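Q: Taking the hints into account, I'd like the entire structure generated from these sequences.
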Amino acid sequence: MYVRVFGGIFVSFVHPIDFRYGSEVMRGVFSQENRLGLMLRVEGALAKAQAGLGEIPESAMKVIVEKASTEFVKLERVEEIEKEIQHDVMAMVKALSEQCDEAGKYVHLGATSYDIVDTVLALQLKEAIAVIRKELISLLRVVTDLADSHRRSLCVGRTHGMHAEPYVLGHKFAVWTDEIIRHIERLDGCKERGCVGKMTGAVGTQAALGKNAEKIQEIVMKNLGIKSAEISTQIVSRDRIGELICLLALISSSLDKYATEIRNLQRTEIGEVEEPFREESQVGSSAMPHKRNPWKSERVSGLARILRGLVISALENVISWHERDLTNSSSERCMIPESFMLLEEQLRTFTKVLEGLKVSKEKMKKNLKFTKGLIMSESVMILLTKKGMGRQKAHELVRKIAIKSVKEGKSFEKSVLEESEITTLCTPEEIKKALKPKNFIGTAPKQVLKIVRKARKILKKEEQ
Numbered sequence: 002m003y004v005r006v007f008g009g010i011f012v013s014f015v016h017p018i019d020f021r022y023g024s025e026v027m028r029g030v031f032s033q034e035n036r037l038g039l040m041l042r043v044e045g046a047l048a049k050a051q052a053g054l055g056e057i058p059e060s061a062m063k064v065i066v067e068k069a070s071t072e073f074v075k076l077e078r079v080e081e082i083e084k085e086i087q088h089d090v091m092a093m094v095k096a097l098s099e100q101c102d103e104a105g106k107y108v109h110l111g112a113t114s115y116d117i118v119d120t121v122l123a124l125q126l127k128e129a130i131a132v133i134r135k136e137l138i139s140l141l142r143v144v145t146d147l148a149d150s151h152r153r154s155l156c157v158g159r160t161h162g163m164h165a166e167p168y169v170l171g172h173k174f175a176v177w178t179d180e181i182i183r184h185i186e187r188l189d190g191c192k193e194r195g196c197v198g199k200m201t202g203a204v205g206t207q208a209a210l211g212k213n214a215e216k217i218q219e220i221v222m223k224n225l226g227i228k229s230a231e232i233s234t235q236i237v238s239r240d241r242i243g244e245l246i247c248l249l250a251l252i253s254s255s256l257d258k259y260a261t262e263i264r265n266l267q268r269t270e271i272g273e274v275e276e277p278f279r280e281e282s283q284v285g286s287s288a289m290p291h292k293r294n295p296w297k298s299e300r301v302s303g304l305a306r307i308l309r310g311l312v313i314s315a316l317e318n319v320i321s322w323h324e325r326d327l328t329n330s331s332s333e334r335c336m337i338p339e340s341f342m343l344l345e346e347q348l349r350t351f352t353k354v355l356e357g358l359k360v361s362k363e364k365m366k367k368n369l370k371f372t373k374g375l376i377m378s379e380s381v382m383i384l385l386t387k388k389g390m391g392r393q394k395a396h397e398l399v400r401k402i403a404i405k406s407v408k409e410g411k412s413f414e415k416s417v418l419e420e421s422e423i424t425t426l427c428t429p430e431e432i433k434k435a436l437k438p439k440n441f442i443g444t445a446p447k448q449v450l451k452i453v454r455k456a457r458k459i460l461k462k463e464e465q
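Going by this note's numbering, the sequence shown opens with residue 2, and the numbers climb by one from there.
Since the hints were made in silico from the structure, they are not lab data. Given the structure is predicted, the values throughout are model-derived calculations rather than measurements. There may be inaccurate statements among the hints.
Straight-line Cα separation of at most 27 Å, BS3-like style, residue types lysine-lysine; simulated pairs [said to hold, decoys possible]:
hint, residue 1, residue 2
1, Lys437, Lys387
2, Lys462, Lys228
3, Lys415, Lys388
A: Given below as structure tokens:
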């Protein structure tokens, strides 16, 4: 049984993010211990800014800064006070003030709870975004390599789940690569807009902070390494958080798309790719010893369903009564850590899938021949237009030949060669050339190379 000490009591883990999903690093970002440490850090930064501007004594500031640490202010004491007064931030303020003796009267001077909470949240988001970004870069590196190595790997392209035309496996990976690059760019933008703190007081007027209020806010945020919100009420506007959670869900949905593709291509009747499988020990099914299920990709898809659902809460939190209410608080305590931890789990899991992905070129080659050449119908149609036949007429002619080929169980090539309207325009050699999959992949390899170069330029910059 998984247990931990909480308030002196052993409590069993309940939520899977406590023990199954996410890393210790991400758990640490949103832990109570880290949150308390950051709250104290903000209180220390506030006192330092105020002392620098002559708002509080230098001697008091030094005491506050020294004591604003979990070395002196213990989580157990804060929880004890909170049980009595029913206010988490004020519990921290009281616990810090206890450690500061006479200097304690200057703790939290001019601030309101959400000056601390929202500034701490900005610091946590900055840490969490850095973790997600690192995982995105890792995924980008793996996908880019796959795109490059399979730049000319022929496979069947599918639309509506049906065989369509010859395709290149690397093109699929290149599309993912380009999408991941956009997500990294979006994440950088969200970090810029979302990781902002504030020192504006109870309704945003900064009245309690006095004449140096603007400078105090500027100095505090500079010392903490984040930007100030340009304007706020008691809280930073939640459109910022809403945008970020929507982005996390968008990244999650992309991962779901990629994982769904792996799951489909691993199906027994397709078998073109396969998740890594530890043959010496891994079990696929408790009932069927032969099973090799794409469970890692299924995990990615399953977690995406949870993350997309959290978007509703994030958008609901944009609405607030007047200068603030408390409806966002409880939902954010659940929604924000959960969003980051589940997305991190998806990223780490899917990166491992791609790192060990098995690609069967034999199956891809076999599937290219599955329809007996029907996937080359557009190629034949284009050949006819080059020989002077109108596009619509060529389409109808080839369509009828394709239907006849299926009904008679003949190869598409044989059916085409039996059609006099085609053979009078095209030589057998031209027809056979048009029926070769490798001759009908257009600029796909060139497109892949363009994206690979783009991604590698980004990766190189990240390494510097």
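Q: Would you mind marking each hint as holding or not holding in the structure?
A: The hints, checked one at a time:
1. Between Lys437 and Lys387, the direct Cα distance comes to roughly 17 Å. Compliance with the 27 Å bound is thereby established for this hinted pair.
2. The straight-line distance between the Cα atoms of Lys462 and Lys228 is roughly 24 Å, inside the 27 Å bound, and the hint therefore holds.
3. Restraint check: the Cα-Cα separation between Lys415 and Lys388 comes to about 20 Å, which is no more than 27 Å; the hinted pair holds.
Every hint from the earlier list agrees with this structure, and none is contradicted.
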